[in-house]
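2 protein chains.
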Amino acid sequence: MEHRMIYTMVILIKDLAQHKNETVKIRGWVFNVRSSGKIIFLQVRDGSGFVQAIVEEKSLRSLHGDKAEAIWDSASKITLETSVELIGTVSEHPKKAGEFELHVSEVKVFQYSPEYTIGKKEHGPDFLLDNRHLWIRSERQWAILRIRAGIYGYIEEWLKNNGFTRFDSPILTPSACEGTTTLFGIDYFDLGQAFLSQSGQLYLEAAIGSLGRVYDFGPVFRAEKSKTRRHLTEFWMMDAEAAFVEHEENMQIQEKLVSYVVDKILKEYKFELSLVERDVAPLEKIKSPFYRMTHKEAVKKLQELGSSIEEGSDLGADDETILTNTYDKPIFIEKYPSDVKAFYMKRDPKDPSVVLCNDLLAPEGYGEIFGGSQREDNYDELVKRLKEHNLKTEDFQWYLDTRKFGSVPHSGFGIGLERLVAWICGLKHVRETIPFPRMITRKTP
Amino acid sequence: MEHRMIYTMVILIKDLAQHKNETVKIRGWVFNVRSSGKIIFLQVRDGSGFVQAIVEEKSLRSLHGDKAEAIWDSASKITLETSVELIGTVSEHPKKAGEFELHVSEVKVFQYSPEYTIGKKEHGPDFLLDNRHLWIRSERQWAILRIRAGIYGYIEEWLKNNGFTRFDSPILTPSACEGTTTLFGIDYFDLGQAFLSQSGQLYLEAAIGSLGRVYDFGPVFRAEKSKTRRHLTEFWMMDAEAAFVEHEENMQIQEKLVSYVVDKILKEYKFELSLVERDVAPLEKIKSPFYRMTHKEAVKKLQELGSSIEEGSDLGADDETILTNTYDKPIFIEKYPSDVKAFYMKRDPKDPSVVLCNDLLAPEGYGEIFGGSQREDNYDELVKRLKEHNLKTEDFQWYLDTRKFGSVPHSGFGIGLERLVAWICGLKHVRETIPFPRMITRKTP
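Top line first, the protein sequences correspond to chains A and B.
Just so you know, the numbering used here puts the end of the first sequence at 523, numbered straight through with nothing missing.
Just so you know, the numbering used here puts the end of the second sequence at 523, numbered straight through with nothing missing.
Next comes chain A alone, as it looks inside the complex (with noise of 0.2 Å):
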């Protein structure tokens, strides 16, 4: 007995199905159990998928003579959240065609769990958060971290097939461009303060010049007194940077990288996305050409639609949900009055009272989940700028030489990664969405 189950192939439960009527090894954690006395039947997950395994006393006792009764004994006391290793037999389910299950031949514990500390009953936001390390255990939530990471990977995957390459832009920066008030400073050995980054575009439009195309995907830091169901202090954000890209150019390239995650996502990640209850119909209408209509188009459309924004004005978090529930398809919202934008975009040649930029809305209520534009490659405009923003310009010297030789139209946008998934999980707030959420009130654990 002990040669088969070290030679026993172990394999993960995701493949089961290759594995139709033979004899393997799982390793997992069991995170159900129910027994009628002669059979447990217990939930088995390994991290790449879940299996019932059926311990059978009669079958075991047919196996095992007298030997049965301890390998019995230790499947009984099994409670939740116990690490086992079970050998047995690959079956599909007698009424469920293509599902499988294991008829349990053999079993090993790891280590039984006391009591779990997330049993069945219903816990508030603040336990479970307490307790994220092993609220992620749960099939919900593993389900919103596989799609997060293929998500990450679906946009990395667009960007290097059209010719980004990646470029990790600093998060210690050297001065606090744009005022403090929203950000993390820290001691930096005897050079003074450095701050956390809250975006890496401004190192991107440097990078142009070598690489062409870029793009950075990492964390940024928000110190945001904000306590709304869309605000992380950490979060994940994608930057992209494109030479010789105008403003129409990158909506396009917006459009093409949106509707190609949705697209892998309701491909690949269906099983997720069933266990996290996702209407997959309002994402299936995700597909090319999305709305598009100017800022001022959009205030018009907003106060029919009863929403009190005057006109010059940014749309807030609620016009964001108005326009977004009324519309089936994201939205491209284009050029915003100059005043309520930043320094960096470039104005409209024809108006200058507006810039050539964007935000993308997710529909079904979610608002903003992409913003871009193109950026003001004039030298002197762009000094003209930092002076109307108050910043001052020595702070910019090394980012003024990117307009000095060399200077090229160019486009970026950027993504925040946890209001994405939240869309496409059709979750009501981001702190599902990342690992361990960190926001005003939770730096733990």
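The hints are simulated quantities; they were obtained by calculation from the structure and are not laboratory data.
A pair holds if it fits inside one copy or across any two, identical chains being indistinguishable in the list.
Heads up, simulated EDC-like pairs for lysine to aspartate or glutamate below, C-alpha to C-alpha not over 16 Å straight-line:
1) Lys238 to Glu346
2) Lys482 to Glu193
3) Lys342 to Glu234
4) Lys305 to Asp268
5) Lys303 to Asp268
6) Lys348 to Glu362
7) Lys303 to Asp265
This one's a predicted model, so the numbers in the text were calculated from it and none came from an experiment.
On the provided structure of chain A, position chain B as indicated by the hints.
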């Protein structure tokens, strides 16, 4: 003419070979200019590659008649780093098969550059680092950054192909578990201090209970006052962790991963390796099996080689250099004395004075690029270790939970991306391996 300027297809320089004898448009920067009076040779790059563009006065005249002079004039004013759009015919180099040139028929200049900061003369490292935003435009830095992106991608590719799921560990962590001397702290709202992560390992150990095999790959921070060619304040680290993997298999995973990455870089980045003048012969030897020795054997070998290292002490950087100059393949050094290693490493059941860990040293004097270990999975043992290392168990309650609820044997390892890039590119200093290096004396640009 305007018509052709708009409708000629824009292509990337790397794709020129596919357009032999066709008329195409390229956009980029001029990084070298040579003129023989009637012919101007422009070296142009666009981020995807490099090409020589030839502007000939005679051929312009035959194409454009009277308008030729204006085109010739704009071409002859081109300086280093001038940004251009060129239309021309692609032809194979008369003497070098497989190399292509562009015979220019039309020239558009986005911006003429003033005298370029980084001219042709030799510059010191401080000057180059002050101008890092421009220095990255050099062929050599372009090649290093491309190889870095390639290495990042192949690490991820191998991990995904082998069942590892991305899991982004948090950067902001609640407590200075192992002392504050090398940690950066920030003021975290009303919750006291938070600290910038040095490794996501402990979080990954919790994640295996959900996802089985996981990795993270992001920036980490060391407030260490080291000023050596191997230290950065901010660097990129990949941590991987796998349930049910023990020490021996952990080393096999590392061996396969390194071999895969080196093999792919040799195949796909030949041109970039030639630009950094890497002798690829030593890299071509990087195949399984690597050398292996225990720490005890390494100390003995080092003493033979003239090191003053004593039994039971950790290897210094000099020791690693001596050792890795002696062998032509990576060396696993396993089973270090438990005193010199971290609290979470599992003791060797056969000799509890050592732990089941390994460093992986790169040849040619490079030293440590990977570090890994099997983790202590017994709750009581782990508590004992924490106390021996003077660590507070209350800081580790959530981590200890992973040894309480279904503890399993598991192992993991970490890669410092910049040291790996330095070795594969054959660089002396890690400062060239990251887009914008942060060191004890530098936080800019």
